[in-house]
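S.K.: My request is simple: use the sequences and hints to build the entire structure.
So for the sequence shown, the numbering used here puts the first residue at 26; every next one is plus one.
These are computed hints drawn from the structure, not numbers from a lab. Treat the hints with care, since some could be wrong.
Heads up, simulated EDC-like pairs for lysine to aspartate or glutamate below, C-alpha to C-alpha not over 16 Å straight-line [stated by the list, open to error]: (1) K312 / E324; (2) K229 / D245; (3) K229 / D286.
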Amino acid sequence: MNRRSFLTLATCAAALGSSAGAVTGWPRRLTNADGSETALPRAPARILSTSVTLTGSLLAIGAPVIASATTVRGAFFDQWQAVARARGVDKLWRAGSIDLEAAWALEPDLIVVSAGGADSALAQRAALAEVAPVLVLDYGAMAWEDLTRRLAQATGREAEAEALLTGFAETLDATRAALTLPAGRANIVSYNGPGAPNPIARAKGAHGRLLTGLGFDLEDPPTGWQSASMPASADVVRASYEHLTQLSAETTFLLAGTKADAARFMADPILANLPSVQRGQVYGLGKNSFRIDYYSAREVVDGITRQFGGA
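M.R.: What follows is the structure, given as structure tokens:
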């Protein structure tokens with residue numbers, strides 16, 4: 026990513042004014058993922074998030090989230106759970122379940138629903154709409170920056186989103202200038218071993234764009250590696266384990282990986298001839314890097330800084 030790209034990212038939040046032109050002021054009509062519209066009479070003061078993935082982006086712009094669904098294990102995401110705790114966000118149901126009585130009791134004035142994913146409550150959309158206006162967003166089809174803008178429009182937090190995106194772009198710019206990167210290309214692998222899909226990040230996916238923004242040249246996996254039995258994704262190619270042996274980048278980052286995961290990858294005898302393994306240049310991208318929002322993106326940038334900052 027060149028300097029012009031950074032400036033574009035730094036000023037992308039300014040587009041909030043133009044992209045939100047149809048929804049300036051209140052009441053607002055917002056477009057859902059399926060093209061339908063949701064009417065909001067005023068800026069919401071009590072938001073219920075039925076998607077643990079969307080909650081992080083709401084918290085990042087300071088939206089008034091009163092309760093959120095959790096992961097299937099009953100937890101919030103590590104990268105923002107301290108923020109949620111400090112703001113008194115209640116835990117709702119676990120992903121894959123729903124409690125309409127709890128939704129009614131909380132008296133929200135906006136309910137946010139994911140269009141897909143394990144944390145989607147889309148099947149209960151009609152019932153939730155009886156409680157409060159429902160906004161449906163497809164986080165799987167949007168960059169985290171675009172998702173932030175959409176949630177800003179829904180909550181009246183455009184100024185906060187602008188500050189967030191501008192600040193992050195400035196951090197990327199400053200970080201890139203201070204890094205000393207290894208020569209050659211890099212790839213990003215979700216390493217699961219034999220007998221399971223091993224997704225590889227696409228260069229224009231969320232993780233690929235983040236590392237490109239830090240100065241890495243990303244190896245883009247062939248789309249033909251995509252497993253026919255798995256849904257396609259804009260962020261990764263869900264490849265089989267055998268395809269990992271065909272990677273050629275000199276550096277490998279492991280999605281949701283730690284130092285221990287990097288050691289396990291390098292100890293895999295089937296992968297012993299990979300250029301990144303031969304060079305000992307395999308790194309965990311961080312345990313919270315499985316899904317990119319503002320908080321996890323900052324964690325990734327901080328981790329890259331510690332590894333390649335040269336300080």
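S.K.: Compare the structure with each hint and give your call.
M.R.: Taking the hints in turn, this is what the structure says about them:
no.: 1; hint: K312 / E324; in the structure: holds, 9 Å
no.: 2; hint: K229 / D245; in the structure: holds, 8 Å
no.: 3; hint: K229 / D286; in the structure: violated, 24 Å
Checked against the numbered hints listed earlier, the structure breaks hint 3 alone; every other hint is satisfied.
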